[in-house]
Amino acid sequence: MEETARKVDEERQLVVFSLYGEEFGLEITKVREIVKPREITKLPNVVDFVEGVTNLRGEVIPIIDLKKRFGVQATEMTDDSRIINVDISNNQVGLVVDDVTEVLRIAQGDIDPPPRTIAGLKAEYIQGIGKIEERLLILLDVDKILSSEEQIELQAEVLSEELAGTANA
Amino acid sequence: MDFSEYKDVFAAEAREYIQSLNENLLEFEQNPQDAQLIAEMFRAAHSLKGMAGTMGYNKLADLTHYMENLLDALRDGLLGVTEELINTLFASVDILEVMLDEVIATDGIVTDTTLIKEQLIRILDEDASSETPKLSRPMDLQQGAVELPLNEYDRELIKEAVAKDFRPFAVTIVLRDDVLMKSVRAYTVFQALERLGTIAKSVPSAEDLDEERFDDRFTVLFFTHYSPEEIRDVALGVPEVIEADVNDVSLERTGPLPIGEHTEGEEDKTARVDVSSLVAAAAGKSATTERAAERFVRVETERLDELNNLVGELVISRTQVAEVARHLDGTHARAAVAQLDRVTTELQYAAMKLRMVPVKQVFDRFPRMVRDLAKNAAKTINLQVVGEETELDRSLMNQIGDPLVHLIRNSVDHGLETAEVRREQGKAPAGNIRLEARHEGSHVVIEIADDGRGIDPDKIKQKAVENGMITEEEAAKLSDSEAQALIFQAGFSTTEEITDVSGRGVGMDAVRAALDSMNGSVEIESEVGKGTTVALRLPLTLAIIRALLVQAGRETCAIPIQSVRENLRVEPKAIKTIHGERVITLRNEVLPILDLPQLLGFEASKHQGDLPIIVVEGGSAKAGLIIDELLGQQEVVIKSLSSMLGDIQGVAGATVLGDGTVALILDISAVLHELSADHR
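The listed protein sequences derive, respectively, from chains R and U. Note that this note's numbering gives residue 159 to position 159 of the first sequence, counting from 1, and the numbers run on in steps of one. Note that this note's numbering gives residue 421 to position 421 of the second sequence, counting from 1, and the numbers run on in steps of one.
Simulated from the structure, these hints should not be mistaken for lab results.
Only pairs whose alpha carbons sit at most 20 Å apart, straight line, appear in this in silico SDA-like list of lysine to any residue:
| # | chain 1 | residue 1 | chain 2 | residue 2 |
| --- | --- | --- | --- | --- |
| 1 | R | Lys42 | U | Leu600 |
| 2 | R | Lys36 | U | Thr661 |
| 3 | U | Lys375 | U | Ala91 |
| 4 | U | Lys622 | U | Ile470 |
| 5 | R | Lys30 | U | Ser642 |
| 6 | R | Lys68 | U | Gly601 |
| 7 | R | Lys144 | U | Gly646 |
| 8 | R | Lys144 | U | Ser642 |
| 9 | R | Lys42 | U | Leu657 |
| 10 | R | Lys36 | U | Gly660 |
| 11 | R | Lys42 | U | Gly646 |
| 12 | R | Lys42 | U | Thr661 |
| 13 | U | Lys576 | U | Leu594 |
| 14 | R | Lys42 | U | Glu603 |
| 15 | R | Lys42 | U | Leu549 |
| 16 | R | Lys42 | U | Gln551 |
| 17 | R | Lys42 | U | Ile638 |
It should be emphasised that the depicted structure is a prediction, and the values quoted were computed from it without experimental measurement.
Based on the sequences and whatever the hints tell you, model everything.
See the structure below:
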């Protein structure tokens, strides 16, 4: 496993954001920019977590509501809401999150391998759990969350059900 | 080894060589005495071999080597031209193409070339037995060996250098394959070498080295007074350099020889660079290609797309600026905006022209295809190609190939009769197909015409009735051309006998669907006994279209103007319900009415008073769409939706409006798809 092979003293830089009260971390190299919510054009015939598309510097990019992706009850966007524009295999995708709180460094040694499920998320979407004093950060693997269109289109229904089930439990 | 950056270039060039082999073979079949053609084929095979060897595609290089042997023997008059020989060469070219496709798709070659190589060797042995066959084993092509091609200019330089007592060397530097910042290493090597002499040339070019467009090695032409050992020591003194091969460059030596592995202590027996054969190849090409090279630049399509995107954005910004300027007073502002407007329009036009490529790129494969199909069908067919210089948008070019292949196959297979039948009917025994491209206004028309048996409207009607597509009464009312147009309907096929080529797979309905998706159209004209002409009408470019902007729910949608028939305001009471579906009667035509916002999954439109309705047509369906509001007509720049989203039913793309918001461009055929399925 690549993750465990990393040197313990290696540092990783993470963008930290919150989603339904949990704290998540995203590898900073995956993040292109963070923008405020903007006009989103809805799309017909797409799964519910695809919010639509928006114009970011002339590019039309899809917007994913992460809460809906994880099968959690979606809420209206607030002033704190942000769109994190991430690079997924050379495609830009905007992720809607509740708030972006900080960018921090974490030593590889402070990251534990993921448990089987956590906060209703399947462990395969999680790179690990970061511990910073009292706080626990869920390190998301964006490539795996939206790795292919099939995954978005086909497994969406199933996953949402599964995730909803575990989240409630 | 990571050659991936070069792979695209290799693929493009290899494709050209294969195409030229194909073309020359076709001509050679007609004029077997033409030595020029053999020479050209030999050069193509030779260049291909060199490139493939450099890239490490040894199987490809290997096969071209055997072809080269055969062509060499042909050139020297050791072989007679037989049909078998020509067919074997055709087959070899086909296999080259298959291997190239494999290389592009997977980087590996699984095709088995044993049989074709045996065949090539057999022909060479049998026929050339009178003289000693010049069958050499393929040289051991080294992975990634870099050749140093020399042009006339380089040769002059070498002569001058030698006259001044410099020794010319080809120095090949190999860097550690995991080296970071290769360009810096290359620069350091250049600096080190230039302390000993002069670098006249480098392969890849200094610019490519600078931008790291090379793998782990490069070769320089180097003039110096120092010895090969000293050069090597200096080069190896640069960190990360693991090999430095120093070879004499000579202008006299003949015969192919790559820059060899050079073991230490053997400097004096320096392997000589294959100069003359490369020069010969270069010189042969220089008359034609080098002159062309001055006028053309090979640019990655990605860069062109980027430019077009930026121009698209500029067009949008211009609209924004124009909007702002309307609120400004003063002629200065207005004049400046007018100027901006003019320049932007010209720039847009110029950028669009960059995307245009001649249809020759697609047409080129047809002579060969028709030859093979005709052979299979035991027919004699002349193919006439007209207007292959006509230009078309590159993205359209990629999509037009399949429909054309299908139409040409139809002509060969169903349109044209056998020689006997043609004689009986008083026609010339050889059938004719004309493939023509030309401009017509803002469209490009591609026509495929044959002088075959034509399409019998009565047979079409009969078949359509049998298939339950229309009733007897309806059939009786159809005009001949209406009947012939039926073949574009889904699921229609008139062939009773399914042949190898076109009796199966896509039919004319697929051709039509392809044209629809390109915002084009297809028409057919046919006369029994005289022949059939199919005309494909394509827009010049796809990137910018005129569209009707409408409000649907909270979103703005763009409907391509080609799909719009008219716009109406209809009293609510004019809408009737038939079988639970809403319709209106428009000039004696019953038109289904759909609510656009609802179709797109938004809230159904609410109107008090008259309903705004856009009548649209796409695929084979026509309908009225209720919209919330008609916003106007304008040019929009098409942006594709992210590939992460896949295909979205009913949406052709998106565009950014003057206010920065995104509008969806609707694909009317897809929006109406279910409707057309129901009604047909």
